[in-house]
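**Q** Chain by chain, the residues:
2 protein chains.
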Amino acid sequence: MLKNWAPEERPEKEEIKERLKAASQKLYELQMKIKEHKLPVLVLFEGWGASGKGSSIGKVIKNIDPRFFKVATMSAPTEEELRRPFLYRYFKQIPEAGKFTFLDSGWMEQTCKDCLDGLKGEAYAKRIDSIKRFERQLTDNGYLVLKFFMEIDKEEQTRRMNALLDSKDTDWRVAEFDRWQNEHYKKCRKIFDKYLTDTNTSTAPWYIIDATDKKWAELQILETMVSNIEVAMQNSGHSTPLLQNVFPLVKMPKLSEIELEGKEISDEDYKAELKQLQKKLGELHNRLYRKRIPVIITYEGWDAAGKGGNIKRITEALDPRGFEVHPIASPEPHEKSRHYLWRFWTRLPKDGHIAIFDRTWYGRVMVERLEGFCSENDWKRAYNEMNEFEKELSDWGAVIIKFWVQIDKDTQLARFTDRQNNPEKQWKITDEDWRNREKWDAYEGAINEMLTKTSTVYAPWYILESVDKKYARIKALKIVIEQLEKALK
Amino acid sequence: MLKNWAPEERPEKEEIKERLKAASQKLYELQMKIKEHKLPVLVLFEGWGASGKGSSIGKVIKNIDPRFFKVATMSAPTEEELRRPFLYRYFKQIPEAGKFTFLDSGWMEQTCKDCLDGLKGEAYAKRIDSIKRFERQLTDNGYLVLKFFMEIDKEEQTRRMNALLDSKDTDWRVAEFDRWQNEHYKKCRKIFDKYLTDTNTSTAPWYIIDATDKKWAELQILETMVSNIEVAMQNSGHSTPLLQNVFPLVKMPKLSEIELEGKEISDEDYKAELKQLQKKLGELHNRLYRKRIPVIITYEGWDAAGKGGNIKRITEALDPRGFEVHPIASPEPHEKSRHYLWRFWTRLPKDGHIAIFDRTWYGRVMVERLEGFCSENDWKRAYNEMNEFEKELSDWGAVIIKFWVQIDKDTQLARFTDRQNNPEKQWKITDEDWRNREKWDAYEGAINEMLTKTSTVYAPWYILESVDKKYARIKALKIVIEQLEKALK
Chain A
240 MLKNWAPEER PEKEEIKERL KAASQKLYEL QMKIKEHKLP VLVLFEGWGA SGKGSSIGKV
300 IKNIDPRFFK VATMSAPTEE ELRRPFLYRY FKQIPEAGKF TFLDSGWMEQ TCKDCLDGLK
360 GEAYAKRIDS IKRFERQLTD NGYLVLKFFM EIDKEEQTRR MNALLDSKDT DWRVAEFDRW
420 QNEHYKKCRK IFDKYLTDTN TSTAPWYIID ATDKKWAELQ ILETMVSNIE VAMQNSGHST
480 PLLQNVFPLV KMPKLSEIEL EGKEISDEDY KAELKQLQKK LGELHNRLYR KRIPVIITYE
540 GWDAAGKGGN IKRITEALDP RGFEVHPIAS PEPHEKSRHY LWRFWTRLPK DGHIAIFDRT
600 WYGRVMVERL EGFCSENDWK RAYNEMNEFE KELSDWGAVI IKFWVQIDKD TQLARFTDRQ
660 NNPEKQWKIT DEDWRNREKW DAYEGAINEM LTKTSTVYAP WYILESVDKK YARIKALKIV
720 IEQLEKALK
Chain B
240 MLKNWAPEER PEKEEIKERL KAASQKLYEL QMKIKEHKLP VLVLFEGWGA SGKGSSIGKV
300 IKNIDPRFFK VATMSAPTEE ELRRPFLYRY FKQIPEAGKF TFLDSGWMEQ TCKDCLDGLK
360 GEAYAKRIDS IKRFERQLTD NGYLVLKFFM EIDKEEQTRR MNALLDSKDT DWRVAEFDRW
420 QNEHYKKCRK IFDKYLTDTN TSTAPWYIID ATDKKWAELQ ILETMVSNIE VAMQNSGHST
480 PLLQNVFPLV KMPKLSEIEL EGKEISDEDY KAELKQLQKK LGELHNRLYR KRIPVIITYE
540 GWDAAGKGGN IKRITEALDP RGFEVHPIAS PEPHEKSRHY LWRFWTRLPK DGHIAIFDRT
600 WYGRVMVERL EGFCSENDWK RAYNEMNEFE KELSDWGAVI IKFWVQIDKD TQLARFTDRQ
660 NNPEKQWKIT DEDWRNREKW DAYEGAINEM LTKTSTVYAP WYILESVDKK YARIKALKIV
720 IEQLEKALK
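Residue numbers (our numbering), protein chains in the order written: chain A, 240 to 728; chain B, 240 to 728.
The shape of chain A in the complex, shown without the other chains:
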């Protein structure tokens, strides 16, 4: 078993009682401070069947105001969830700033079940990597992640199950998997131990709770929560050192090096090509659907570069039951109070579907960076976080196509002026657009850095030269078709 954490010996009953009182009181006091510090706390309970995960959560939450916590019970994944990346249903559950989420089993139980069903080797290693990155992204972003493993031995488990099975009122509480576990205790033990060792990281370590005695288990949990919340509050507002890059990058040109002149197409050629390419894309969409390959197409670009029209030429070709377009504006309060990737995780397509993002997570290193909506450390860390996010999607099997729609400053001015002067287009132009335009140079610097640092071999950026919007549309269609054909091979 995991050896880095050995709880002390169980104290006398009286001592447990006294310390329980103190720890409960302390946790009660801390909840307001958590609110003040905007600390999000994720508490994961894993462990043996009948070890008391649920009842432990029940006892802990008695010390917390119901407005400040949420309990999530993870039953078997739904059909909808199975068609998304493994972490999807867990990422969805992460708490808001200042609140607790308690999880009654989660990605550990699921992974160990998958191991029993044959998950191993490279696929297992990838899973572990995903989980470690998920937990680390949370702690890097100021989350406290507390992981408890409720430990009982085989005899104790048998005893508890029999007690539950003895009565018609309680026998439903013994799940079939619990029974199976008890019969194959040794086999499960081995898988649990390996998982605990493999995911015992410095920023989200495991706490093995001796759950043989219920009061003693409660005390270990409460005291661990209290002491770690105190540590986490010392870290609040703290920035996190940047990580070394481990993703192979594709060399990108600077924006100023992109030749825009001559990137044009005649109306006639455009019409002919568009028709032919859209037909091709429509066919590919059907094949993708049958092969259940997820596709993520993202658009970033200057204001008035022609993103909307470009997206339209893609979607025209697609079966409306198989795609979704997500226009991304500034985050709403419930989104802002979570990890910034949460609103993208929750918008991922099902496999076989296409999700098109009109603006994306890259807002973090453009507008959020330049307008000071996040800290310097936040956006500097984000390059790696987004590479990790996309690696997750790519490992899931997704095709990721990232477009930068490029125009020059003069073209933008002409289009802005045209919008301003044209009553039908006036809704498309705001004061903010003009303000952003004033910061062109700062944006250009940020965009260059973004393209350099996030064009990975598995999710590269593509430049769409869009002074002639038709040219850009044809180019986009060709790239999408090419990448989908590659994926379908």
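Calculated from the structure, these hints are not laboratory results.
All clues given are correct.
Any copy will do: because identical chains look the same in the list, a pair fits if it lies in one copy or spans two.
Calculated lysine-lysine pairs in the DSSO-like style (CA-CA distance at most 30 Å, straight line):
1. K265 with K692
2. K359 with K429
3. K298 with K309
4. K260 with K301
5. K371 with K429
6. K692 with K256
7. K433 with K371
8. K692 with K272
9. K692 with K252
10. K530 with K331
11. K493 with K256
12. K510 with K725
13. K490 with K454
14. K260 with K493
15. K493 with K692
16. K352 with K309
17. K252 with K493
18. K454 with K692
19. K352 with K371
20. K352 with K453
21. K575 with K331
22. K692 with K453
23. K493 with K272
24. K365 with K433
25. K490 with K265
26. K493 with K265
27. K490 with K272
28. K493 with K454
29. K256 with K393
For this one, chain A is given, so just place chain B on it according to the hints.
**A** What follows is chain B alone, placed relative to chain A:
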């Protein structure tokens, strides 16, 4: 093989040449910045025999001024090194601030060799934990740790070895282990892969270098170094979030709760007990020596609390060939420019020996904290770092006994005044002692926090009430004897 890092495909010869030139130039420029930023860089080369570890180091250092780097070649551990914790010989080699250390194989090769000799299960897991903590402590303290694994396949290894063996001038370069490795390539592959996966952490990830082509290998190394030095410089001066505590703690009293009155002993009893206890300790020392158990006894306490005399009563009982006393003053420049635990790592006893530290690493959370000799983040992080350090020593098999020598403020004043007025004792009192005395309350707070956070079950603190120095001496001897007897059981 480790999958999170997949280098790009090997480019054309011409491109390699060009990029090599650029990367060399860049590294050359960066060395002065490293100096300015006081960044210490540890570069570890591991990999297959004949994969070109040594020659790669040779090429890299051509770009660096010889004053700024050191190359350490790790041959088989000496007898002296084998009698110390596994990490000892590696911790010794860590670079100074602003400099590089290149290691031609290190803790990976040694661990994999040990695996071939049967290291497995819990012992292997502990080793991995040690290594991960070692690397993380370095990166937490601002070190850049770059880990390269030089990858060639079996055929390439055979080809290279045969070429070397063909000539009398080069055949010495093929070590016996390399030959063995080639014959058992698959077995070694498995062990290497497991190690790489187990130690691939976010703050010190592995870079698998495709070493089939030498120029291409050099380019991968140089570019990885350059880009990661740039990341590390952005982190310089950056603080690191505190970690959750994973060590079981023993509850300690506050200093103000310690009863000092009545803790005394008559001269007669003292003499009798001292004689008997010292005799006992002397015997135990012999048994420890034969059983090769290392012992570490540390002293902290108020000025004039009686540490020196207390230590003397211990050492009087010991065989002088089997112990060493380390008086710890403020660090020298070459110590200050390394991880603050470096000067303690390098002073560890051999197994079977006793090391007594008169003041210790706990200076970090007392004088260094209160005088501002380190940053707030440094001392806040130190509690956990010291718990980890002592866990390392405890896992190695060491008995760790930590004394806090306690007196009250009046007793200190009386002793200071006595020293001042007594010409023979005047050397023992300095202006600094008086200045420290003025900060009594601040020290008391820091000491209480230290005792609370670092009294682990495997390395607890013991309080020595020392208003009557004789009482404290007898108590210390009794505790040492008791703990040694426990270890000898």
